[in-house]
Amino acid sequence: MTDTYTPGEIIWCSGCGHFGVESALKQSLKNHSLEPHETMVLAGIGCSGTIQNYIGSYGYHSLHGRVLPTATGVAAANPALTVIAAGGDGDGYAIGCGHLMHTFRRNPSIFYIVMNNGTYGLTKGQPSPTAVSRADHEHELDALLMGLTISGSSWLARGYVGHMEQLVELMDAGLKHVREKRGFAFLEVISPCTTFNDNYPSWREILVNLDADESYDKGNRATAIGHYAELIASGKTPSGLIYEGNASTFEDATGVTADNPAALQNLTVSKHIGKFQEYMDAYTM
Amino acid sequence: MSSPVSDLSDNKEGAANTDIPETISDINVMVAGRGGDGSLTIVTLLSRLLSRRGFHMCTARNVASRIKGGHAAAMLRGSLVHRWSMGDHLDVVVGFDAQTLIEAGPRLRPGSVVIYDSSQGEPHPDSLPKGVRLFTVPFGRMAVRDLRRELFKNSFSFGVVTRVLNVEDSEAISVLSGYVKRFSKNMAAANVAALKEGFEFANELGLTEGAGLLPLEKSKHRKRLLMSGNEAAAFGFLAAGGRFFAGYPITPATDIMDWLRPRLPEFGGVLVQAEDELAAINMATGAALAGVRAMTASSGPGVALMLEGIGNLGATEIPLVIVDTQRSGPSTGMPTKPEQSDIDMLVYGGSGEFPRIVLAPCDQRDAFEIAFRATNLSQRLQCPVIIALDQGIGQNSVTMEPFDMEHLSIDYGKRVSAEDVAKMKSYKRYEITEDGVSPWAIPGTPGGMSLVTGNEHDEWGLVSTQAPNRRHMMNKRSRKIDLAHDLLPKANRGGVVGASIGILSIGMVCGAVREAVERLEQQGTDIEILEPRTIWPVLEETKDFVNSHDRTYVVELNHEGQLARLITSQGVPAEKIVSIHKVVGKPYRPHQLVEEIQERESSYD
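In order, the protein sequences belong to chains A and B. The numbering used here puts the first sequence at residues 1 to 285. The numbering used here puts the second sequence at residues 286 to 890.
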């Protein structure tokens with residue numbers, strides 16, 4: 001066996017929610033029988049942006065806020081890979097928020113896991129876009145509600161590290177969505193920061209589990225938006241699988257397939273000379 | 286470096302007093318009017334005519350940054366000698382608005398012919414220099430009256446232009462017929478009718494067949510490409526195995542994306558129009574990381590946004606080609622106007638220190654080879670390779686010999702397969718090697734798992750801030766470039782070999798320099814030309830060139846003489862460099878350089 005890297009030492013504080021995300025992801029990769037070389041984990045900047053170091057698969061540490069465009073590039077290059085993007089709420093909802101909206105629109109088959117803790121932990125506790133009761137009186141952002149309103153979105157869920165069984169189920173379903181090339185799977189995980197925003201107890205009160213609500217129609221965008229908004233207005237936060245639908249995907253648009261990825265094309269110049277000549281002919285005077 | 290240099294200002298735009306020759310082997314034409322007037326149609330027809338007669342061609346546009354309207358001009362130079370830029374004078378001007386005469390005025394000379402659409406009124410008698418031959422025809426009004434569509438004024442005026450050039454009517458008809466084949470039968474016939482009506486008008490103006498004022502010469506037709514540098518660069522990338530492009534629209538670089546958009550899918554590739562330049566460079570980075578040969582292209586403001594990403598490519602050792610089709614800056618600047626003022630940014634921009642290569646083509650045809658080699662080099666050295674284009678090279682089309690595809694080969698560098706990995710004792714993505722380049726297994730390769738990060742890292746890709754590791758990694762990355770000078774494109778050379786005076790330029794300036802040097806030689810001033818194609822690192826050949834000449838003129842389109850400053854920074858004697866630069870949003874004309882150099886040379890006598 002050829003030696004490769006040994007996963008790095010975890011930097012998170014004791015009790016950090018991210019441990020739950022990491023173990024759920026590992027469990028889910030195992031449930032899907034994915035080999036380390038078949039998976040690429042890309043992460044942003046922040047505490048959560050080290051998760052790729054602990055998995056053992058191909059890993060990439062993206063620039064702050066740019067994990068989604070980078071992951072889109074990987075997915076475009078080689079659809080045979082299972083592409084997982086991960087990061088925090090600062091990375092995804094502040095500096096990278098623009099890309100999130102456009103990734104919903106584009107709908108590439110990428111599994112995006114946001115570890116939401118409402119704070120910038122690594123820089124010592126500044127408020128993030130999801131922080132409540134802020135000193136600066138800015139309002140918080142709800143990325144799932146935003147995602148629901150974008151017509152290309154195809155899979156939206158929220159998990160909680162305090163509900164590990166459900167979290168693994170959501171990871172399994174999200175991975176299935178992207179492995180079947182049905183588009184972008186977006187999972188926000190409530191993952192409290194024990195050092196700067198330790199709100200574990202409050203989430204048990206606030207979360208409403210839609211997976212347990214048999215009357216909830218996860219395939220109906222309009223009623224999903226309405227129900228979501230009502231829950232928020234009443235001080236609750238929806239969790240579980242919030243929306244699952246069929247929207248045309250990035251793979252549909254680009255025509256890329258796992259059988260014939262852009263990364264593995266035959267580049268030999270002589271093989272394409274006829275086509276190149278055709279292009280030159282169009283410019284010939 | 287000789288300090289403050291006079292800016293070659295617009296009042297020198299006026300051409301030298303040379304007479305128009307009796308027969309025309311080098312012709313400059315401008316067709317202008319309101320955007321949408323169809324100026325390009327007449328120029329297209331003329332380029333077909335000139336091509337049949339064996340002329341080389343250069344084209345240029347002068348447009349406002351708007352979709353329609355505004356004053357827009359299309360320029361065409363045809364010459365039996367191969368030229369790479371516009372000439373000094375305008376020999377024939379077709380104008381559909383008053384602004385045309387204001388723009389063209391300084392570049393007309395005695396004998397030049399102006400054909401003016403007087404539908405909106407006669408031109409002011411003082412608006413043209415003495416000796417210019419003016420013909421006014423209400424093309425627009427006549428086209429509407431007789432042919433019921435104003436657009437026919439183009440075919441109409443083409444008839445007058447061909448008479449001026451002493452082209453037989455049958456040849457003009459044949460050129461037009463070839464062009465309008467793409468239209469419906471009725472439309473094609475109507476255009477030919479308009480052309481014939483144009484002949485009638487020419488007769489009334491005294492321009493009868495065979496009595497042309499500017500008889501156009503004829504040579505043997507040769508098949509050549511008429512292509513812009515943006516197109517050639519996109520083509521070179523594709524030929525080099527480029528299969529992914531992400532970009533965001535920006536003038537004057539968008540043509541690259543537009544060229545690749547329909548073509549990449551034909552080769553199993555992908556093009557993504559990103560939401561911004563940050564997304565574009567990171568998408569391209571992701572694709573490159575996954576093993577596709579990738580490119581992004583933009584202009585100054587967009588490349589400024591990409592700088593963080595370019596530094597990241599250096600640190601992570603991901604191969605990517607980045608094109609900057611430079612325009613007038615700073616900030617939004619003058620989007621449609623040329624400049625070469627991003628040199629500092631491309632060479633020095635970004636946080637920290639990282640390996641990079643900056644290349645610049647010396648003409649449009651060279652953009653193909655530079656892009657081809659940039660793509661290979663990025664793979665070979667696993668680093669960002671930047672191509673400095675400019676608006677002139679990027680958007681002006683010139684005729685060129687077809688590309689030689691037979692001798693191109695793909696350099697895979699240190700890519701390793703699953704079989705290669707299996708034979709290794711260990712696979713380290715950032716293994717320290719003699720040449721600084723590490724073996725690279727792309728994601729998906731069994732056994733080749735790796736961590737890639739812009740954090741400082743050890744050989745495995747694990748984050749490390751240890752001092753010895755930092756030293757090794759910084760050295761490894763810079764060694765890649767230090768040891769690669771032999772792989773980098775060498776300069777194009779010309780002029781008088783062994784002359785004691787040198788001249789140095791890149792990109793769109795080279796064409797005017799070549800022509801100016803030729804004229805200076807005829808006047809007794811010998812100058813040797815160097816057109817560096819690798820700007821960074823500065824190669825020994827560039828330093829040697831400066832060192833071996835008494836003085837070297839460095840001619841560039843920017844305000845601060847960035848190229849001169851860059852070369853001087855590499856230890857050549859500053860007093861040997863004479864910097865010539867300007868930023869008026871216009872290219873150099875050959876005569877401007879001739880006059881500038883004559884003036885400076887007189888101070889050395």
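Hints are computed from structural coordinates only; laboratory data are not their basis. Small disclaimer: the values here were computed from a predicted structure and weren't measured. Glycine is no exception: its CB is placed at the ideal position from the N, C-alpha and C atoms. Careful, some of the hints might be misleading.
[Unchecked claim] Listed next, the stretches of chain A that the computed footprint assigns to chain B, with coverage defined by at least 3 CB atoms under 8 Å from CB atoms of chain B:
{"#": "1", "segment": "246-258"}
{"#": "2", "segment": "270-281"}
[Said to hold, decoys possible] No farther apart than 25 Å at their CA atoms in a straight line, the calculated lysine to any residue pairs in the SDA-like style are these:
{"#": "3", "chain 1": "B", "residue 1": "Lys708", "chain 2": "A", "residue 2": "Lys181"}
{"#": "4", "chain 1": "A", "residue 1": "Lys124", "chain 2": "B", "residue 2": "Lys708"}
{"#": "5", "chain 1": "B", "residue 1": "Lys713", "chain 2": "A", "residue 2": "Lys124"}
{"#": "6", "chain 1": "B", "residue 1": "Lys699", "chain 2": "A", "residue 2": "Lys124"}
{"#": "7", "chain 1": "A", "residue 1": "Lys26", "chain 2": "A", "residue 2": "Lys181"}
{"#": "8", "chain 1": "B", "residue 1": "Lys699", "chain 2": "B", "residue 2": "Gln855"}
Check your understanding: Hint by hint, which ones does the structure fall short of?
Key -> Of the numbered hints, 3, 4, 5, 6, 8 do not hold.
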